[in-house]
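Using the sequences provided together with the hints, build the complete structure.
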Amino acid sequence: MQRRVGGGGDGEMEEEEEEEEAPTHLNTSTCGHFLVISTDKLCAKYTGEGLHGNDVGAIQGNRPAPCRRLLYYFEMTVKDRGFKGCTTIGFTDDHFRNSRQPGWEPNTYGYHGDDGKLYHGQGKADSFGPTFSTGDTVGAGINYGAQEIFFTKNGKLVGGTFNDVKTPLYPTIGLHSPNEKVEVNFGQRPFAYDVEAQLKKERERRRKAVENVPLSPNVNHSIVRSYLLHFGYHDTLAAFDAANGGSFPPMLFTPHEYGNGTLDNDMFALDQRKMLRRLVRDGNIDGVFAKLREWYPQQLQQQQEHCSNIIFLLHCQKFIELVKLGMLEAAVTYARTELAPFFGSSPDQDLHLQDCLALLAYERPHETPMAYLLHFGYSELVADAINAFVLSTNPSLPASGKSPQSGLEKLLQQLTACLAEKRVLNGGQGEVFSLHRILQGGKEGGW
Amino acid sequence: MRVCVIYPKSSSKKVITKEEWEKKLSEVKIRKEDMNKLVMNFLVTEGYVEAAEKFQMESGTQPDIDLGTITDRMAVRKAVQCGQVEDAIEKVNDLNPEILDTNPQLFFHLQQQRLIELIRSGQVEEALEFAQEELAPRGEENHAFLEELERTVALLAFEDTANCPVGELLDISQRQKTASELNAAILTSQSHEKDPKLPSLLKMLIWAQNQLDEKASYPRINDLVNATLEEPVT
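Residue numbers (my numbering), protein chains in the order written: chain A, 80 to 526; chain B, 3 to 236.
Mixed in with the good hints there might be a few duds.
[To be verified] Interface residues of chain B toward chain A, partial, derived using beta-carbon atoms under 7 Å: (1) Val30; (2) Ala53; (3) Leu200; (4) Met206.
Keep in mind that the hints were calculated from the coordinates and are not lab data.
Backbone N, C-alpha and C fix where the C-beta goes; we use that ideal spot for every residue, glycine too.
If you want it as structure tokens, here you go:
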């Protein structure tokens, strides 16, 4: 049962990852002597002589390329090719040497304007694409999805290199002959190259790869059915089965009848769970207590000894129902007799008690942060807790102490964990998977 | 696009024990309301009207489209599944005439289905007339349509349609195909995604596991229905 502290329910449980900031301008603190940078830190001019391999004027962006996404991209426009047009665009890492062109050192990449070659830290370069000069706009990007570094010229893709992309990588430019001058674009202006289209293509490629995975059509139905069974949504299940042409067998109260498969466990005590859920939905908490005492006296006793959840939740829910009915005096009496004893046994429970009691303070509790307690969604959670309790009394369950989970939940946990682990092993690259955002219809719930 | 270099990936895999993995799993919080939404989305997209209504009552989950529109859509789908194609066309035009107007391929497939039903019921003359008047003009506009038309008309040449090369056209699955295409078009026209999200997520799980297999050894789930964790393969 999740605890909600103060600010209440629907949606503040999202763990927002910190916003990753992208580079916005050139980093003047690590650039060398051979460059002069404009005041807006977006233009660079070479002031050296360009005589040897160590008087390059190279400079990085002020931050590394953000990696919690599918693509990163930036551009550079050559304002003046100077004597030899040795301007370069690419990426470098933390071991950046500002007197060397990007691409000359290991784990750096550079597309060089004078020979049109791609340097990627291997010493010699591969012939790659066209040279570029005054008036040309070239771009460099990282495709985390495909694990490649790619380059563009004047809005057209030139090519790329596939590699295990080792982040962090910094967008970097290099100049090496007198009078060379360039201007960078970190996104403050529209790009010459249609990055959005590439991003769309990458998403589409992944979507297709997933869609092509074979899946037996019956699997979906089984999972949905087992979900409905697990949570005791009896009427829905009956309608679902009827529509599928199956007959729904009425279950009898015989907890010892069922075997070990998950489906059998999901069917355990279905009638009881259905009835209990309905009682909660109707606000009849006394009814819930009565049935639980009748059916599970022993387990309830154990619960009481561990000062545990179910009893506590039910008392709180009874209190909430009284508040809903406007019977505030009765609510206060109830709080004094039944809720007060719970104070001090657990900080989580105390917080919850505070939230519940706070309802008394307002004339219109529906308009306060505690309003979530009065919504149907909250009573659903109480019903789920009771459902889990009943399922846990199933004698054929292994004594692991874990509350039983629906198959669907396990599958979604596995999906989330696999994608998270994949990101970790990729050095944190790629979009963060968010089931919640996918279900809200976002295209960027990503993976 | 010119590709320069491909470096082989390193081959050592990270090993994750079942215990470690179960701990990671337990740290993933899946919200009940998200799962409810997923199930509701499935019921609605697949057309389980009654089940969706009951689910709304029992779980408090709001369906993402008006349940009334599902009934209409299901009526159309059923009509095709029963071979009542003319009826289906009328119904879908009542719902939204633009659907067929903007979907020439769909409309052709519906007409093709009509032809198949005429042939199935042995109405040879009507079938030929229909093919010549309604389908042939479409075939002239589009080569793919023409091929389909020729395949369908070929049915008439065989007495033993069950064993002829184009016999599959008479199969129930052909009706299902047409029905699904129509269902998808209606959903799209209602700005609803035509595919339920659940199968995509399950496929994503299989895909994610295959991808992770390249870099780590960990407990997989191979049996989706029972969602059991396997022992990690070393």
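Hints, one by one, checked against the model:
At a threshold of 7 Å, the smallest CB-CB gap from Val30/B to chain A is about 4 Å, leaving the interface hint in force. At a threshold of 7 Å, the smallest CB-CB gap from Ala53/B to chain A is about 4 Å, leaving the interface hint in force. Taken as an interface hint, Leu200/B checks out: its beta carbon lies about 5 Å from the nearest beta carbon of chain A, inside 7 Å. Below 7 Å, beta-carbon pairs count as interface contacts, and Met206/B has one with chain A at about 5 Å; its hint therefore holds.
Hint compliance for this structure: no hint is broken.
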